[in-house]
Each structure stands twice: as C-alpha cells, then as structure tokens.
Amino acid sequence: MHIPYTIHARPDTGLFNAKLGVWLFLASEVMLFGALFSSYVLLRIGAPSWPHGFEILNIPLATLNTVVLITSSITMVMAWASLKIHDFARYKRYIGATVGLGFVFLIIKAFEYGAKFSAGIYPSESTFLAIYFTLTGLHGLHVVGGMIVNGYFWGPGSRMWHTEPERFTNRIEVAGLYWHFVDLVWIFLFPVLYLL
Amino acid sequence: MSLKAFHIVFISLSVLTLLGFTAWLALTEAVESGVVRVLGALLSLLSGVGLIFYGRRFVRKFKHFSYL
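Same order as they appear, the protein sequences are chains A and B. One point on numbering: in our numbering, the residue at position 68 of the first sequence is 68, and numbering is uninterrupted. One point on numbering: in our numbering, the residue at position 39 of the second sequence is 235, and numbering is uninterrupted.
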C-alpha cells in the first residue's frame, strides 16, 4: 500500500506527514512542560519563602550542560544539512556527535544528582527540590528518548538512506525538531531553576 | 516550520540566555569569587557573540533550504 506525502509536502498544508505529526506531538509536549512550569510559578508565588536555585544547585555544571546541549543542536542540524547535500559520511559523524553530546549531558546530570543525594538532598526535602527533580528528571528522560531515536538513525536506521534518501532526510529533520525542542526546554529550565 | 527555522529560533534564544547569564554574573552577589565571576561572564559573553556569528553564517550558508 502506498502512503502519500511521506516524501513530498501535501499541497494544502505544505508539510509532509511526519513533520505534521511531530509538530502535533510537540504541541502536547508544550502542554506537559507548560503545566509543570505553571505549577512552579504558582507554588513559588504562593510560598512564604522560596530558596534561590544558586544557593542549592551547581551553577558551573548546569552552565556546562547548557553549552553541551547548544552544541548538540548545532551538530543535529548539521547532520540534517549533510543529508540535504548528499554527504552521508559527514551525516554519520554529526549524528554520532549528537548522540555523544547527549550522553555527556546525562553523565554531568548524574554527577549533579549524585552530589545532591550523597549530601542528603532529596525531592522530599522541600517543594523547590521536588519540582527541580521533577522538571530536570522529566527533561532527562526526554534526552534519553532523543538519544535512542538518534542512535537508531546513526546505526541500523541509516540503511534507509541507500533505498529512500529523501524519506530518510525527512526522518532526520523530524528527529532534529524533537531534539531542538528538548534543548529549548533546557534553555528555559536553566535560568528558571538555577539563576532566579 | 522546518528544522532550519526552528534552529534559528533556538540559536536566538540561546544567545539571549547566554547574554542574560553574563548580565546575571556581572550583577549577582551569589558567586563570591571575583575570578570565577569575571571568567564565567567573559566565557558566556564570548559564547553568546560566537553564536550570533554562527547564526548569521548558518542563514547565509543554507539560504536555499525552506523555512516551512
């Protein structure tokens, strides 16, 4: 059975199927993180006192993670651009680097969490810590999800390039949109949780 | 919106974050060490300015890619 609009855009929407699908999915993700951000704001406004993130959390590690994720978004878009110019070897290097940077982010996050737990700082300690661990933990799970998808397209999934290059390029664009969304969430989390 | 357009939005917001972080480091009392503050602010500022140049180069290099 032939499925239409997997490669070329549908004339009325200007989008191919997967791009429309990922934007609908990202809309639901905006609602998920939006609800948690709103909870954070309401809890903070309603609290008689609220700790500053920089008093409890590790700013240098969070800054390093911000740089890591920004760099990974650049390697991700370069992976897609490499396919657009038909350079598969370069694509492999860039998508591999994206997966690697995601791994670096998780290792740094594990160090941060480990330091907190060994100091006896747990989510049950305060409302701030509860929402900090919820937001960063959920974000971390999204990074893991993105790494699984990108890892698949780095390895076995990349075989599609040799049979359906345009469709594979579209898949990488869709994976890139998700990865950028995950990075964007961190760009909001960093100042809100760590600096304010 | 294509990955190209989303990337430009993302880089713009990253620049704002890095420049905001520079201002935060310059004004805050939270970081006690002066050396750490100055070094952090300098690195953040350089990264922010570097991203502006990267963004401009990206737009020029991939101008034939669609925004939709």
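Keep in mind that the hints are not guaranteed to be accurate.
[To be verified] With a straight-line cut-off of 20 Å between C-alpha atoms, the simulated EDC-like cross-links for lysine to aspartate or glutamate are:
hint	chain 1	residue 1	chain 2	residue 2
1	A	Lys116	A	Glu164
2	A	Lys84	A	Glu164
3	A	Lys92	A	Glu29
4	B	Lys259	A	Asp87
5	B	Lys257	A	Asp87
6	A	Lys109	A	Glu164
[Stated by the list, open to error] Far from chain A, some chain B residues (derived; all Cβ distances over 10 Å):
hint	residue
7	Leu199
8	Lys200
9	Gly216
10	Ala222
11	Val234
12	Leu238
13	Leu241
14	Leu247
15	Phe249
16	Arg252
17	Lys259
18	Leu264
In short, the hints are calculated from the structure, not lab data. All residues carry an ideal CB built from backbone N, CA and C; glycine is no exception.
Okay, the hints, checked on the actual structure:
| no. | hint | verdict |
| --- | --- | --- |
| 1 | A/Lys116 / A/Glu164 | 48 Å, violated |
| 2 | A/Lys84 / A/Glu164 | 13 Å, holds |
| 3 | A/Lys92 / A/Glu29 | 28 Å, violated |
| 4 | B/Lys259 / A/Asp87 | 18 Å, holds |
| 5 | B/Lys257 / A/Asp87 | 16 Å, holds |
| 6 | A/Lys109 / A/Glu164 | 37 Å, violated |
| 7 | Leu199 | 4 Å, violated |
| 8 | Lys200 | 7 Å, violated |
| 9 | Gly216 | 7 Å, violated |
| 10 | Ala222 | 13 Å, holds |
| 11 | Val234 | 14 Å, holds |
| 12 | Leu238 | 13 Å, holds |
| 13 | Leu241 | 13 Å, holds |
| 14 | Leu247 | 7 Å, violated |
| 15 | Phe249 | 13 Å, holds |
| 16 | Arg252 | 14 Å, holds |
| 17 | Lys259 | 12 Å, holds |
| 18 | Leu264 | 5 Å, violated |
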